[in-house]
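Asker: Take a look at the letters that make up each chain.
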Amino acid sequence: MGGGNPLWRFVGVRPTALFFFVYLYLPIIVLLVLSFNENRTATIWTTFSTQWYAVVLDNDNIMRAARNSVIVATSATIIATILATLAALGMARARFRGQDAISATIAMPLVVPEIVTAVATLLFFVLIGLKLGLLTVFLAHTVFCIPFAYLPIRARLEGMDPALPEAAADLYANEWQAFRRVILPLLWPGVASGAMLAFIISLDDFVITYFVAGAGATTLPVYIFGMIRIGITPEVNAISALMLLVSILFVSLSYLVGRLRR
Amino acid sequence: MPMGWFRRSKTHRQMALIGPAVLFLAVLMLIPIVLMGYVSFLERGEFGGVRWSDHTVDAYVAFLFERDFDGSLQLNTDYLQIFLRSFWLSIGTTVLTLLVGFPTAFYMALQPPRYRNLLIFLVTIPFWTNLLVRNYAWILLLRNGGLIDSALAWLGLTDAPISVLYTPFAVAIGLSYSYLPFMVLPIYASLEKLDFRLVEAAFDLGADRRRALARVIIPLAAPGIAAGCILVFIPSLGAYVTPELLGGGKSLMIGSLIQNQFGAARNWPFGAALAFALLGIVLLAIVIYLLRFRRSPGEMT
Numbered sequence: 001m002g003g004g005n006p007l008w009r010f011v012g013v014r015p016t017a018l019f020f021f022v023y024l025y026l027p028i029i030v031l032l033v034l035s036f037n038e039n040r041t042a043t044i045w046t047t048f049s050t051q052w053y054a055v056v057l058d059n060d061n062i063m064r065a066a067r068n069s070v071i072v073a074t075s076a077t078i079i080a081t082i083l084a085t086l087a088a089l090g091m092a093r094a095r096f097r098g099q100d101a102i103s104a105t106i107a108m109p110l111v112v113p114e115i116v117t118a119v120a121t122l123l124f125f126v127l128i129g130l131k132l133g134l135l136t137v138f139l140a141h142t143v144f145c146i147p148f149a150y151l152p153i154r155a156r157l158e159g160m161d162p163a164l165p166e167a168a169a170d171l172y173a174n175e176w177q178a179f180r181r182v183i184l185p186l187l188w189p190g191v192a193s194g195a196m197l198a199f200i201i202s203l204d205d206f207v208i209t210y211f212v213a214g215a216g217a218t219t220l221p222v223y224i225f226g227m228i229r230i231g232i233t234p235e236v237n238a239i240s241a242l243m244l245l246v247s248i249l250f251v252s253l254s255y256l257v258g259r260l261r262r
Numbered sequence: 001m002p003m004g005w006f007r008r009s010k011t012h013r014q015m016a017l018i019g020p021a022v023l024f025l026a027v028l029m030l031i032p033i034v035l036m037g038y039v040s041f042l043e044r045g046e047f048g049g050v051r052w053s054d055h056t057v058d059a060y061v062a063f064l065f066e067r068d069f070d071g072s073l074q075l076n077t078d079y080l081q082i083f084l085r086s087f088w089l090s091i092g093t094t095v096l097t098l099l100v101g102f103p104t105a106f107y108m109a110l111q112p113p114r115y116r117n118l119l120i121f122l123v124t125i126p127f128w129t130n131l132l133v134r135n136y137a138w139i140l141l142l143r144n145g146g147l148i149d150s151a152l153a154w155l156g157l158t159d160a161p162i163s164v165l166y167t168p169f170a171v172a173i174g175l176s177y178s179y180l181p182f183m184v185l186p187i188y189a190s191l192e193k194l195d196f197r198l199v200e201a202a203f204d205l206g207a208d209r210r211r212a213l214a215r216v217i218i219p220l221a222a223p224g225i226a227a228g229c230i231l232v233f234i235p236s237l238g239a240y241v242t243p244e245l246l247g248g249g250k251s252l253m254i255g256s257l258i259q260n261q262f263g264a265a266r267n268w269p270f271g272a273a274l275a276f277a278l279l280g281i282v283l284l285a286i287v288i289y290l291l292r293f294r295r296s297p298g299e300m301t
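Chains A and B supply the protein sequences, listed in that same order.
Under our numbering, the first residue of the first sequence is numbered 1, with each subsequent residue one higher.
Under our numbering, the first residue of the second sequence is numbered 1, with each subsequent residue one higher.
Covered stretches of chain B (chain A as the covering partner; in silico rule of three or more C-beta atoms under 8 angstroms from a C-beta of chain A):
1) 30-43
2) 114-125
3) 128-134
4) 138-145
5) 277-283
Under 10 angstroms between C-beta atoms, here's a sample of chain B residues computed to sit facing chain A:
6) F24
7) L25
8) G49
9) Y107
10) R209
11) I234
12) I258
13) Q259
14) L274
To be clear, the hints were calculated from the coordinates, so they are not data collected in a lab.
Keep in mind that this is a model prediction, so the values were computed, not measured.
In this text, a Cβ means the ideal position worked out from N, Cα and C, and glycines have one as well.
Chain B on its own, in the form it takes in the complex (with noise of 0.2 angstroms):
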């Protein structure tokens, strides 16, 4: 316990100090994650804007349904399609992710302390950097014309424009570019408490680099690779500027679809039930990651 000093003080000090930061969260996140729901249940405006007296699970079914000229519901799966785009996306943009992640973790543990420390800084920069910049760099290298498109003619691989900007592909490595250090960083904070003796005895009771791999370095590495997924699939999902910059409207992602329901849709209800969908689904993968992972290092096997 460092704070010895103010051991002899009483209980309601540590409140008053903590207080006002738990106070000001409240009212302007929790109350508004509330309301929001509340709001989801609520009859649309006809400008924009929500009737308040109005309750109704309207925003829920239009999810799925539309309704007819004749008032008969009609099944609707563009914004299932879209959620389910969304989810295959993020899920994608995990996988490339890791695949790249681990390795560089990897090799990033295996180095001279000090060196490492400046890969870790040189890994999180970029995180700190405008994520609306980093993905307009993008545009700048995918477009046709680009320096990859240009590149790529130069070197005579294609004859014709690449054409991958504004499709889902550009959408994934948009994603993985912005998410890649939370894969990186937690991956390798386990790895970096790795016993490597553990390997090299593996090694030497005749394992290859597969079944070391499988049953020495994955195992201890999971708790990591689990806290880099859940990390790089959440705000995967819930992107906006990503899908907005580099993605066409053929791949349009939750976080627009959202925008739109407070922008031209003028549909607020129904913009405040995807979001609680949203918030639902990543909440879900957080008590999933809780329940599987958070165990105290000693209690893993």
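Looking at chain A on its own, in the form it has when it is part of the complex (with noise of 0.2 angstroms):
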């Protein structure tokens, strides 16, 4: 950015921005004020309570549901971030024919509608014969986080001095030492950071849980529709503000490790 900044001379873009970040942000701050509430009708603001925190972490049904939930996101993550991994090692190497093609198949959860793959993974469950619960859920969490956990570890290992190995290979490592002490350490944060995100993104699914999820594997997210459904109250406030604190604690977590040393 070379000269005077030029945006003096764009009347508006300061207060549309401005106005945007007031948009993104409102809704969230609303909502977490209003969890403190402790008015029983839930948009009235009377005193600042905890009470509904504590209703919603007495709720049987609640801490059910966020088992599920963080069983899914646990085992879909662990899985996802493995092949997201050894794909990303596979890519990084020289190019080869039909590398677009396997790169637009890792990509295929981010761009395919959610509500269409929903539906697919539905009806091919309901054909191969397994029955819909906390397995179905898992397999359909595991697709959509490979990509998620798969960019970060790419980006990573494309930022990497590919002098580094070679050094460890004219320091007579074998591949596996190179790999092991030198691509490894390099990678974690990478790792950690795409498993992270792949953790949330479980966590806060809903469409594609909602279609595969059965009666019995009931997620967190899927619950709160179904609270959200009969009404606003107070508790959804609260387990919602808990939704919202959790996923931004692991996305600013995952920041910090995916800017470790680079």
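From these two lone chains plus the hints, build me the complex, please.
Answerer: Structure, rendered in structure tokens:
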């Protein structure tokens, strides 16, 4: 960027940007504030209280749904991260024919509308006779977690100095040693960052889960959806605020880890 | 090529690394989509599900026609209207996000680098939070007696409840809110690379703001703008959560229509056909984008 800052010439840019950030954060802040509202009527403020958090944490259905969410997110994250790390290592080598097709396949869950993936996955499970439950949710989640885990890992590999593993080879490291001692330590922030993104994406998913969960495998977002359908209550405020905070915590962690010593 | 250490090993090693992920996605993503296409040509089962042996194009006919009691076909535009409504709502959402997103990206690109990263981070955070929760927050804001309604009444600007919630307008607000980051980030990415000396040069050569914008900035940012529009349009078109929560019965969109076929309506082939049609529109949009904009930066004019 050279010369003077041309911002001043464009009237309205600064106010629009300000409007944008207010628009982006106002609903989140309002929700967080209202979750601490003591009043039974969810939108009328009376006094500060954490009672609704206690109510939520004491609700067996919510805790069961939360446990399902954590089980699914953890297992989907582990499998997706392993598959994504291997694929990223494979893709980082010399270009080959069909590489674009493979990139497109990995990116597919990001491109296809969620509702289409949901329908297709549901039909597939029904066809092969797999009973809808935690297993089907786990499989469906692993699919869309793969690209989210893959992208940061791939980016990390792209940014890696090619001379480093070569230096290791010059120093008589065999391939495995070079991988273990040189590539992996440099790669792990990418892997950790990808895994955390996969985890929140799985934790937050609603549409696909809604289709493939069946009756016994209600996750937290599916349960919250049911609660919202019934009505606006302080309980919904509290559990929603909790989900927001967990997501923000994980994405901040992922961001910090991803920026470690490049 | 960053992975020089691997150079000596053979291609099959590479395939063994990539293989598991691709196989997983092929089995659980590609095959299901092909299967969905197949199901759309099947006869519906009596109590939901499908009859695997009976093939028919009923699902596609049902999109435009309904069968009368005597078996003759009558034109029925209900479903077409839902598709058109989804289409226009998505276009509206794309335009709204562009109007807010472009100036924002422009503003971000002109900030000092250290400050820019913070702004990008602030733009991405809401994307990673739960979509359901973000849309729920808009119920709190938009409903009668909610924050916006109370504020307007307190300021004396309105004397009746705003009644915005459960209208197509509320859906457009919710969709714009949900997908705004997708508009800002690609535009920012192309503006960040823009050499602002070119803009200065345009001013020096006597261009006014409008001409500098139309002749220099927008053409250079075009790939980002196009990417942003695609990234907002696609999820808006297939949205389910936002119209379910913020839209009323009169703003039904494709997503809800599809879901309904697997819930109350129990017409799986029709649901599959609708999803397949949606996928077709999305792929068409992507192909147009790729044909028009997928060029190396050097080729771009």
